[in-house]
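Order-wise, the sequence lines are chains A and B.
Residues are numbered in my numbering as their position in the first sequence, beginning at 1, plus a constant of 1352.
Residues are numbered in my numbering as their position in the second sequence, beginning at 1, plus a constant of 654.
No wet-lab data here; the hints were simulated from the structure.
Beta carbons are placed, not taken as given, at the ideal position from N, Cα and C, and that holds for glycine.
Honestly, I wouldn't trust all of these hints.
Over the 12 Å line for every Cβ pair with chain B, so calculated as not near, a few chain A residues [to be verified]:
id	residue
1	Arg1391
2	Ser1412
3	Ala1413
4	Ala1426
5	Met1428
6	Gly1433
7	Arg1435
8	Thr1438
9	Gln1456
10	Ile1466
11	Gly1470
Across the chosen pairs, the derived CB separations fall in these ranges [unchecked claim]:
id	chain 1	residue 1	chain 2	residue 2	range
12	B	Glu868	A	Asp1469	49 to 57 Å
13	A	Arg1411	B	Gln918	30 to 38 Å
14	B	Ala744	A	Gly1415	35 to 43 Å
15	A	Glu1397	B	Glu875	46 to 54 Å
16	A	Gln1475	B	Thr884	48 to 56 Å
17	A	Ala1471	B	Glu875	33 to 41 Å
Which residues of chain B face chain A? A partial, calculated answer using Cβ under 7 Å [stated by the list, open to error]:
id	residue
18	Glu754
19	Phe895
20	Gly907
21	Tyr915
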Amino acid sequence: MLPTFKGSAVLGALAAAVLLWPAHGHHSGAPYDGTKTMRIEGTVESWRFANPHCSLQIRSADGSTLWSFEANPAGMLAAQGYRRDTFKPSARVTVVYNPMKDGQPGGGRLVGAILSDGATIGQIPAQ
Amino acid sequence: MTRHRQPNVRIVPTALAVIACLTLDGAAQEAAWENANGQLGSLARANLAQDHAPHPVDLTGTYTPEGFWEFQPFPKLKPAAQELFDRVRAGAAAGVTVNEVTGECWPPGMPIIMTRVWPFHVIAVETAIVIVFNFENQIRWIYTDGRQHSDPNVYVPSYNGESIGHWEGETLVVDTRNFETHKHFIDRLVPLSDQFRITERISSIEGGDRLSIEFTMVDPENWEGNWTVTKTFRRQERMDFVESPCLPSTNEGLPAMGERYIEQLDEEPPDGEQR
């Protein structure tokens, strides 16, 4: 049975709430806008594969800005295919991320990535 | 020609005396860790050998919390608690994290440690049920050996509290008290006082595929009446985990943990109290 409009609204609200939950639970994700995904291309500066959360830093393609992204715990990401050597220093990468709510030039949560060989990891929404 | 050194007759007995003292000091030091009230340890051979009733249900397993970690619906909060609650909620709506205690490595404590996303192992023996949490390597002991709660003047307050359990049919009823209250909140939102107590009714449901825990929480200083919420947990069969420490470097480079997004509470310890 198809959901009614009212049901859809409830499901939509639930889905939005899920997007806003920090999946790792270590700290608040309040500064991130979990309803939006964006992309940026750059080169890998560092990749930390660890609990309670991973982190990735890249330098923008024009070299002007260092972007920092946090990601879920390594324990969760490993099951999705992420590895300690997924992001190699100086490698080209396109990062898909949730931006900051205040629009600050900086990273938000890592959603997925397109690696230098074209392989994808995580979630890559259609553009 | 080989020269044989003669033992120094003064040094040898002195060395022996020092070794003896160190050994005695070591034994005394080890004994100093014993339970202050003389209670047999939960894993002591003499305790395990006693005729404890076997647990009617073996809760041993690995579980993950289901649903959002908050304990909704919230109770009617007292004014000071409501003020904090509103401030945290308003901050979140504005993209600012108020009172980010857990992110800054303060233990989440009970009850949030049970529901905060991460898996946990439950290991049951007759005298105790041990819960090992992946999140920040936390641990809970639920004693089922018939002991009473400790004198709160002796027990070292803890974020997960002192838990004593007994069985009512196939439901494990756990009474937890003696909490540390410093920087201990229910998910940043609700403060806790030394009157905080939790009663859990833990049941294995759906043939052991899930756990159901009814939490009833009281803290007359911070809310009115009983705050009762039931949470469920799903058994996992392909899940081990490695440590997850909160370290000084844990938050390095994380945008959300940058100073511009964190608002601290103006909290000072009572006069003369050191934290």
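Check each numbered hint against the structure and report the violated ones by number, ascending.
4, 5, 9, 16 and 17
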